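Peer 1: Chains A and B supply the protein sequences, listed in that same order. At position 28 of the first sequence the residue is numbered 621 (our numbering), and the sequence of numbers has no breaks. At position 62 of the second sequence the residue is numbered 88 (our numbering), and the sequence of numbers has no breaks.
No lab work stands behind these hints, which were simulated from the structure alone. Remember, it's a predicted structure, so these values are computed and weren't measured experimentally. Ideal Cβ placement from N, Cα and C applies to all residues, glycine included. Misleading hints may appear alongside valid ones.
Computed Cβ-Cβ distance ranges for the label pairs, DEER-style [unchecked claim]:
1. L652/A - D47/B: 52 to 62 Å
2. S166/B - D656/A: 19 to 29 Å
3. G157/B - E664/A: 24 to 34 Å
4. R164/B - E626/A: 26 to 36 Å
What the simulated footprint calls covered on chain B by chain A, stretch by stretch (three residues with Cβ under 8 Å from a Cβ of chain A suffice, anywhere in the stretch; the number is not a length) [to be verified]:
5. 62-70
6. 107-120
7. 148-157
8. 160-166
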Amino acid sequence: MDVLYFAWVRERIGMPRERVETDAATVADLIDELRGREERYAVAFSDMGAIRVALDQDLAELDAPLAGVREVAFFPPMTGG
Amino acid sequence: MAVRVQDADFDLAAELRALRDGRRDIGAIVTFTGLVRDMAHGAPIDAMTLEHYPGMTERALEQIEAEARTRWELQASLIVHRYGPLAPGDQIVLVATASPHRHDAFAAAQFLMDYLKSRAPFWKKEGTPDGGRWVDARDSDEEALARWKA
Numbered sequence: 594m595d596v597l598y599f600a601w602v603r604e605r606i607g608m609p610r611e612r613v614e615t616d617a618a619t620v621a622d623l624i625d626e627l628r629g630r631e632e633r634y635a636v637a638f639s640d641m642g643a644i645r646v647a648l649d650q651d652l653a654e655l656d657a658p659l660a661g662v663r664e665v666a667f668f669p670p671m672t673g674g
Numbered sequence: 027m028a029v030r031v032q033d034a035d036f037d038l039a040a041e042l043r044a045l046r047d048g049r050r051d052i053g054a055i056v057t058f059t060g061l062v063r064d065m066a067h068g069a070p071i072d073a074m075t076l077e078h079y080p081g082m083t084e085r086a087l088e089q090i091e092a093e094a095r096t097r098w099e100l101q102a103s104l105i106v107h108r109y110g111p112l113a114p115g116d117q118i119v120l121v122a123t124a125s126p127h128r129h130d131a132f133a134a135a136q137f138l139m140d141y142l143k144s145r146a147p148f149w150k151k152e153g154t155p156d157g158g159r160w161v162d163a164r165d166s167d168e169e170a171l172a173r174w175k176a
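Looking at chain A on its own, in the form it has when it is part of the complex (with noise of 0.2 Å):
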């Protein structure tokens, strides 16, 4: 699936976008997966209270399943207007 990151997150993690193959189940699996790969997402995925997901650009909890998603995104919480 396609993986994006967005504002703080985005810069932690060095890039805006990746392929991930993964047999996560769910968001929160995914995110376990990610931080045990390399320390940039351990610090970027450190407090999961400013962390916000959408699933193919619907807004997730981080509990979600995974199951039939090809867009995850990850970002802090949205400051628009």
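Chain A is fixed; fit chain B onto it per the hints.
Peer 2: Showing chain B alone in chain A's frame:
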């Protein structure tokens, strides 16, 4: 009913003319324009960059606009939101709502702004003399949203 996400500036008068073009049934139009301020938390701001999530942004704004239409009698509405590098004094966002009655136009405009503040995927980074700083979401914005849920 329209949503636009763009890097270019907008012209309020031209947008209003287009919104009411040829119509004689509109009784009230409320507009809100959000601007980049030159101060935040007592510190000077010399630039602001708005990042967004292309695709999801338009979707989120359309959903928010559709929700407003179920709550109030709206004859027309418009959301224009900019992204990219901006400077103090620049326009960021325009919301316009048209209704036969002022109450609906006022309430819908406020609702649209409250929602897009924390539910549309935009992120602001302020430029300060000490470097760039991502703007934190504010509890007061969540509280503003909560009152519409009652």
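Peer 1: If a hint holds in the structure, say so; if it does not, say that too.
Peer 2: Comparing the hints with the structure gives:
Checked against the hint of 52 to 62 Å, the pair L652/A and D47/B fails, with Cβ atoms roughly 35 Å apart. With their beta carbons about 28 Å apart, S166/B and D656/A fall inside the hinted range of 19 to 29 Å. Evaluation of the 24 to 34 Å hint for G157/B and E664/A yields a pass: the beta carbon distance comes to about 31 Å. At roughly 32 Å, the beta-carbon separation of R164/B and E626/A lies within the given 26 to 36 Å, and the hint holds.
With 0 residues bearing a CB less than 8 Å from a CB of chain A, the stretch 62-70 of chain B misses the requirement of three and the coverage assertion fails. Judged by the Cβ-Cβ criterion of 8 Å, the stretch 107-120 of chain B is covered by chain A as claimed, because 3 of its residues qualify and three suffice. Under the rule that three or more residues need a Cβ within less than 8 Å of chain A, the assignment of the stretch 148-157 of chain B holds, with 4 such residues. Check result for the stretch 160-166 of chain B against chain A: holds, 4 residues qualifying (beta carbon to beta carbon below 8 Å, three or more required).
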